[in-house]
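There are 6 protein chains.
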Amino acid sequence: MAEKTGLVVSAHPGDFVWRAGGAIALHVKQGYRVKIVCLAYGERGESQWAWKKAGVKLEDVKAQRREESQKAAEILGAEIEFFDAGDYPLRATEEMLDRLVDIYRAVKPKFVLTHALEDPYNFDHPLASHIAQEARIIAQAAGHKPDPDRAYTAPPVFLFEPHQPEQCNFKPQVILNIDEVWETKYKAFQILAAQKHLWEYYTRVALNRGMQGGRNAGIAMTYGEAYQRLFPSVVSTLS
Amino acid sequence: MAEKTGLVVSAHPGDFVWRAGGAIALHVKQGYRVKIVCLAYGERGESQWAWKKAGVKLEDVKAQRREESQKAAEILGAEIEFFDAGDYPLRATEEMLDRLVDIYRAVKPKFVLTHALEDPYNFDHPLASHIAQEARIIAQAAGHKPDPDRAYTAPPVFLFEPHQPEQCNFKPQVILNIDEVWETKYKAFQILAAQKHLWEYYTRVALNRGMQGGRNAGIAMTYGEAYQRLFPSVVSTLS
Amino acid sequence: MAEKTGLVVSAHPGDFVWRAGGAIALHVKQGYRVKIVCLAYGERGESQWAWKKAGVKLEDVKAQRREESQKAAEILGAEIEFFDAGDYPLRATEEMLDRLVDIYRAVKPKFVLTHALEDPYNFDHPLASHIAQEARIIAQAAGHKPDPDRAYTAPPVFLFEPHQPEQCNFKPQVILNIDEVWETKYKAFQILAAQKHLWEYYTRVALNRGMQGGRNAGIAMTYGEAYQRLFPSVVSTLS
Amino acid sequence: MAEKTGLVVSAHPGDFVWRAGGAIALHVKQGYRVKIVCLAYGERGESQWAWKKAGVKLEDVKAQRREESQKAAEILGAEIEFFDAGDYPLRATEEMLDRLVDIYRAVKPKFVLTHALEDPYNFDHPLASHIAQEARIIAQAAGHKPDPDRAYTAPPVFLFEPHQPEQCNFKPQVILNIDEVWETKYKAFQILAAQKHLWEYYTRVALNRGMQGGRNAGIAMTYGEAYQRLFPSVVSTLS
Amino acid sequence: MAEKTGLVVSAHPGDFVWRAGGAIALHVKQGYRVKIVCLAYGERGESQWAWKKAGVKLEDVKAQRREESQKAAEILGAEIEFFDAGDYPLRATEEMLDRLVDIYRAVKPKFVLTHALEDPYNFDHPLASHIAQEARIIAQAAGHKPDPDRAYTAPPVFLFEPHQPEQCNFKPQVILNIDEVWETKYKAFQILAAQKHLWEYYTRVALNRGMQGGRNAGIAMTYGEAYQRLFPSVVSTLS
Amino acid sequence: MAEKTGLVVSAHPGDFVWRAGGAIALHVKQGYRVKIVCLAYGERGESQWAWKKAGVKLEDVKAQRREESQKAAEILGAEIEFFDAGDYPLRATEEMLDRLVDIYRAVKPKFVLTHALEDPYNFDHPLASHIAQEARIIAQAAGHKPDPDRAYTAPPVFLFEPHQPEQCNFKPQVILNIDEVWETKYKAFQILAAQKHLWEYYTRVALNRGMQGGRNAGIAMTYGEAYQRLFPSVVSTLS
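Chains as they are written, first to last, in my numbering: chain A, 17 to 255; chain B, 17 to 255; chain C, 17 to 255; chain D, 17 to 255; chain E, 17 to 255; chain F, 17 to 255.
Excised from the complex, chain A in its bound form:
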């Protein structure tokens, strides 16, 4: 029987934690193998505190953020691979694209989580989304590293919630109930010690999405994560 798997393509370490930590932990709990591709360490643009001491070195910041990311991934129960693509600006090479195609084909994910299509606050985010989508398409091409025995189906893509959703033209179409794994997600928050103000911000986001989820479905739930689908879902029942 085919393994259940998921793939997350994240620009920076914080993103997979704040935006998709619940989905990752929940599917791991449900028996999925989840792999995170973390394109950059967020070393220049998302490590403001580290640069407050004079003389700090880029490599040190990267190492520290890598370690944090590794720990956060462990808490969530996922594997993680780093591309070291640089940040502010992130610049994806053809080699990275190629490696990501290989990952799609190896993991054969049942779903992919990545960034929203637009973000005027952070151009690394839509670029990460673009490479995630492009690799997914290329992985379908029979003539890219051809192998007649390969089976691969392009998975559905879920875009996770950006920091200021309306400014990114993000529209929630799916609210995932993450009550069961909230504590795990919050533990992953705590790894990101330098962004303590965001712990509470994203706790509030989760509570409000949770209340919206409850209201939309008429069920009791407390914590939610919002996603936008890139493609139609195909179903055999409407309820």
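Treat the hints with care, as some may be off.
Each pair may be met inside one copy or between any two copies, as identical chains are not told apart.
[Unchecked claim] Straight line, CA to CA, 27 Å or less: simulated BS3-like cross-link-like pairs of lysine-lysine: (1) Lys20 with Lys69; (2) Lys187 with Lys69; (3) Lys212 with Lys161; (4) Lys203 with Lys161; (5) Lys87 with Lys69; (6) Lys73 with Lys126; (7) Lys161 with Lys69; (8) Lys69 with Lys51; (9) Lys87 with Lys187; (10) Lys68 with Lys161; (11) Lys126 with Lys187; (12) Lys68 with Lys126; (13) Lys51 with Lys20; (14) Lys87 with Lys126; (15) Lys20 with Lys212; (16) Lys124 with Lys73; (17) Lys68 with Lys124; (18) Lys124 with Lys69; (19) Lys20 with Lys124; (20) Lys73 with Lys20; (21) Lys161 with Lys73; (22) Lys68 with Lys51; (23) Lys45 with Lys161; (24) Lys51 with Lys212; (25) Lys68 with Lys45; (26) Lys51 with Lys73.
Honestly, the hints are just simulated from the structure, not real lab data.
Starting from the structure of chain A, add chains B, C, D, E and F where the hints point.
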């Protein structure tokens, strides 16, 4: 255990057949009780052939279309209730809205199917969608015909595909696989004997949505119906 | 051979002059019979100057505006019919809708010109557009005042340019070259003596749309009118 | 010198508290006279708890909600007028529209706050927005209750944040810093004793809009209210 | 007298056949010289069948697809030039852009046909559209390979229909009646022997666009191709 | 006290004159230091007249346009820096991006003016907007050329009006009253001697935006410039 139920709010008889006949038959097959509210008989605007003979009377056209609708609903396995709201233009009264609220509360549908939000070719369609939505909202109001023992949860709404989807700003978010009931749907088509040219039109729509569904999901399927969701879905897994 | 005809549905007198005066005069020049339906006289909301003298009566304002409109229509070469629907707010009755359906069937227009779909500055405008569209649809219904011998084809609809186009989500899809009839249009402006500041405003609009038209088509032209199409055009060549 | 005034048009009592309580209190503190028009008491649809006891009467629920609204308005420092238009569904009469026009002309507001243009969860909200906009337009018409001495300028309109902003196509264009009056707003929350779960929901909304405001402007602020503008602002400097 | 010419910029061979084959054949029949620029052979991503036999070589797949494309172009009556830009992903170089500018200037097309602006299923398509548009703009620049005697006018651009139009935010604005050349288009389908399932898919698309065209225009027609315009059309009559 | 500063990122010389000349002159008059970054000289695509004489050299055209731009900037009172990025197509290098980041940090602008997000007539424009935005984001990254003493706040971005605003999905959100500096702006027009037809075009744009501004605000004003905001404004009062 709660009965599984569905509700369809259709402007004219053809609409529930062409646009939602697959969903109706499929859910009936899955054990759902499905109720159709047919707001008008399509007597003036969707019975062109009947008016070709001089001297025909409105009541006769209505009776004929009512009979057809009844038969089509039977083939699909659904109940049907007529509001006789008139067509071209459809005009919904407060009494009809009130009746529809009662139906929501009695049926307690797990899903509602109705028209798209816009249709520049046919203003009866968005009006039907409007009344379907408004009744759904009012049915939630504890102070409307209050009854402390009542349990009612507003159901998800699925908008069915209009005749020219792009002109109606309709975007498919859900493709329902209707392979299992295609023959039933096509039998219902055949009741609408005067619109034979549309049998083939909507067969082509179903085949193309089916191929799109197969392509989006990487599965084999032949016939599909497309729907747009009005509200986010609330889920506990993403695949 | 079928007569060439056009229909204009305008909320207030100024609208058909500023927004469609060129199209009217041009088609008249090309041998079209053009009929204007002017829903209201603009007596309350578009006659600010008239109300500056104390004691003026509504009927007098209406009479004056009716006379002006009549003259402007004559200059443009069109017939005009008034519905006296009131303005600020315009309120269309079922009788008016019915009369407009009759007009569609009598005139059998090759095109209809009316207001844009939205206008946050003036709610009479989208309402006029709504009634124009609804009558066009009803006129297609064989069972509305049935007559098996009637031939009627729903005409294309062109939305004319509102005062602040971007705020109305108006997007020009057609630029009509009105060079040949500019002087006639400008003469019609001059009938609207109390709105002299708008003569120059709409002259500038015409010049800028003219320059855009020239630039889009690579031709020399000076004056233009912009329209948005409500429906696809059906063509047998792309150039 | 002209008095500084503001106008709020709210469908139900909760709306002006949750969505605009900060703006009201802040402008009152800045010396504005603020008037709230509360169209309905929310008696049927937003008083679920009251209907839980059998035999309660509509008039009692209305009286109770009226009292609450009055108190909340007092805490915020605003006047309030009730239209008793009914809720679920709200139905505005021509008399109410006329009264609202009179209020515009009497108050001469420097700004108007009302609901977003769409809300698929609650049709009373866009209807309230529609009447607020329509009255604003009619108040400009010189021929509506003419008076040559009247001075009236149509004010800017700010749409306040709906419960699920993305589903309403609401896009924040203005974030108002309400730090100075947060405690007052929260006191007004506490009047709405039966909706205690919403106190925390809207506190989280205020905190997250506050953090977004701080991030957008590079300033320290804690609590925010988001608004969308309906019309362009006219300025004499860009910073 | 100026020759009548058209230009088609297609990502892969199938695209100009499925999406624009009717327009090409029709204009050829009307005396146009039509040139197709086919950016890639679709060798990796649109030749799944070819890769099913082990050991097949990229060059062989390309040669085979080139031959097919050549034949399909011949059947349609058009010239074809290949850029061999690679597919999945297509990567356009500055040299290709430069060559395409030269082609615009040499062909002086009366219209350009290319891909829709977005396609989440296939990133080669919007990229082809981008290069087609960019070359059209550069061809206007007097200082690019300057020649004071050159006459060049940027042509209108028509975007052809993608595989899943709503997902690409494609909106038909023009429906081209291709009845006269349907058999030719279908013959070109048959060259694409390995994609037989798409023959019927695109026949259904043509039939449904044809029925929509007939309905929009009130004329009898059977087969249509849908296009979206990128720029306003400039006209001297509205019918 | 912090100096008041503004930054303008313009693709070609004409752009900062036609689109933002009023804002530049006005803020200079208000004591701002304004810096213009002019990415290209418009040498190939916006100097049609220069290329009409045979044998003219690219360097000569660039020199002439540079001189003009310098003069226009002087008239407006601003500094100017040229990047010589080429035009038709403009191609921004990583070095240019880096230089622009340095400029942001040195100037610390209170506002940035740049191009709209889309322009199907001119791809240099959205590219200029993209680099202006990307540099603004990178300038926030503490780890880009780290300096713990640096203070930098990302400024609000205002998009200026493109030549055909609706085709670029440009929506005016701010109208700047430029009456005080109109003569200065018009003087800068006159430097662009070869584009005399555009002097009148953009005078008409300014007059019409002025009338719209007056109408929106109920004030007397004559000349306006329209801008779209990229981010919400943060305010402490709504009027």
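Hints, one by one, checked against the model:
1. In this assembly of identical chains, Lys20 and Lys69 lie within 27 Å of each other by CA distance neither inside one copy nor across copies; the values are 45 Å within and 29 Å between.
2. For a Cα distance limit of 27 Å, the shortest separation of Lys187 from Lys69 qualifies neither inside one copy, at 39 Å, nor across copies, at 38 Å.
3. Taking identical chains as interchangeable, the C-alpha atoms of Lys212 and Lys161 lie at most 27 Å apart only when they sit on different chains, with a minimum of 25 Å there against 45 Å within one chain.
4. In the homo-oligomer, the alpha carbons of Lys203 and Lys161 never lie at most 27 Å apart, since the shortest distance is 41 Å inside one protomer and 33 Å across protomers.
5. Taking the shortest alpha-carbon separations for Lys87 and Lys69, only the intra-copy value of 24 Å comes in at or below 27 Å, while the best inter-copy value is 45 Å.
6. In this assembly of identical chains, the alpha carbons of Lys73 and Lys126 never lie at most 27 Å apart, being 39 Å within a copy and 31 Å across copies at closest.
7. Taking the closest pair of Cα atoms, Lys161 and Lys69 come within 27 Å of each other only across two copies (13 Å); inside a single copy the shortest separation is 47 Å, beyond that limit.
8. With identical chains, the CA atoms of Lys69 and Lys51 are never at most 27 Å apart, being 34 Å at best within one copy and 32 Å at best between copies.
9. Proximity of Lys87 and Lys187 under a CA criterion of 27 Å is satisfied in neither setting, with 31 Å inside one chain copy and 36 Å between copies.
10. Taking identical chains as interchangeable, the C-alpha atoms of Lys68 and Lys161 lie at most 27 Å apart only when they sit on different chains, with a minimum of 12 Å there against 46 Å within one chain.
11. Taking identical chains as interchangeable, the C-alpha atoms of Lys126 and Lys187 lie at most 27 Å apart whether they share a chain (22 Å) or sit on different chains (23 Å).
12. For the identical chains of this complex, Lys68 and Lys126 are inter-copy neighbours only, at 24 Å across copies versus 42 Å inside a copy, given an alpha-carbon limit of 27 Å.
13. Taking the shortest alpha-carbon separations for Lys51 and Lys20, only the intra-copy value of 11 Å comes in at or below 27 Å, while the best inter-copy value is 38 Å.
14. When the C-alpha separation of Lys87 and Lys126 is checked against a cutoff of 27 Å, the pair qualifies only within one copy, where the shortest distance is 24 Å, while the shortest distance between copies is 40 Å.
15. Neither within a single protomer nor between protomers do Lys20 and Lys212 lie at most 27 Å apart by alpha-carbon distance, with minima of 34 Å and 33 Å respectively.
16. Within a single copy, Lys124 and Lys73 get their C-alpha atoms only as close as 38 Å, which misses the 27 Å cut-off; across copies the closest is 25 Å, which meets it.
17. For a Cα distance limit of 27 Å, the shortest separation of Lys68 from Lys124 across copies, 20 Å, qualifies, whereas the shortest one inside one copy, 42 Å, does not.
18. For a Cα distance limit of 27 Å, the shortest separation of Lys124 from Lys69 across copies, 22 Å, qualifies, whereas the shortest one inside one copy, 43 Å, does not.
19. Taking the shortest Cα distances, Lys20 and Lys124 sit within 27 Å of each other inside one copy (9 Å), while across copies they are farther apart (35 Å).
20. For the homomeric pair Lys73 and Lys20, neither the shortest alpha-carbon distance inside one copy (40 Å) nor that between copies (34 Å) is at most 27 Å.
21. Within a single copy, Lys161 and Lys73 get their C-alpha atoms only as close as 39 Å, which misses the 27 Å cut-off; across copies the closest is 11 Å, which meets it.
22. Proximity of Lys68 to Lys51 under the C-alpha cut-off of 27 Å is found in neither arrangement, the shortest distances being 33 Å within a copy and 29 Å between copies.
23. In this assembly of identical chains, the alpha carbons of Lys45 and Lys161 never lie at most 27 Å apart, being 34 Å within a copy and 42 Å across copies at closest.
24. Taking the closest pair of Cα atoms, Lys51 and Lys212 come within 27 Å of each other only inside a single copy of the chain (26 Å); across copies the shortest separation is 38 Å, beyond that limit.
25. In this homomeric assembly, Lys68 and Lys45 never come within 27 Å of each other (Cα to Cα): the closest approach is 39 Å inside a single copy and 38 Å across copies.
26. Taking CA atoms no more than 27 Å apart as the test, Lys51 paired with Lys73 passes in neither setting, with 29 Å inside one copy and 33 Å between copies.
When the structure is compared with the earlier hints, violations turn up for hints 1, 2, 4, 6, 8, 9, 15, 20, 22, 23, 25 and 26 and for no others.
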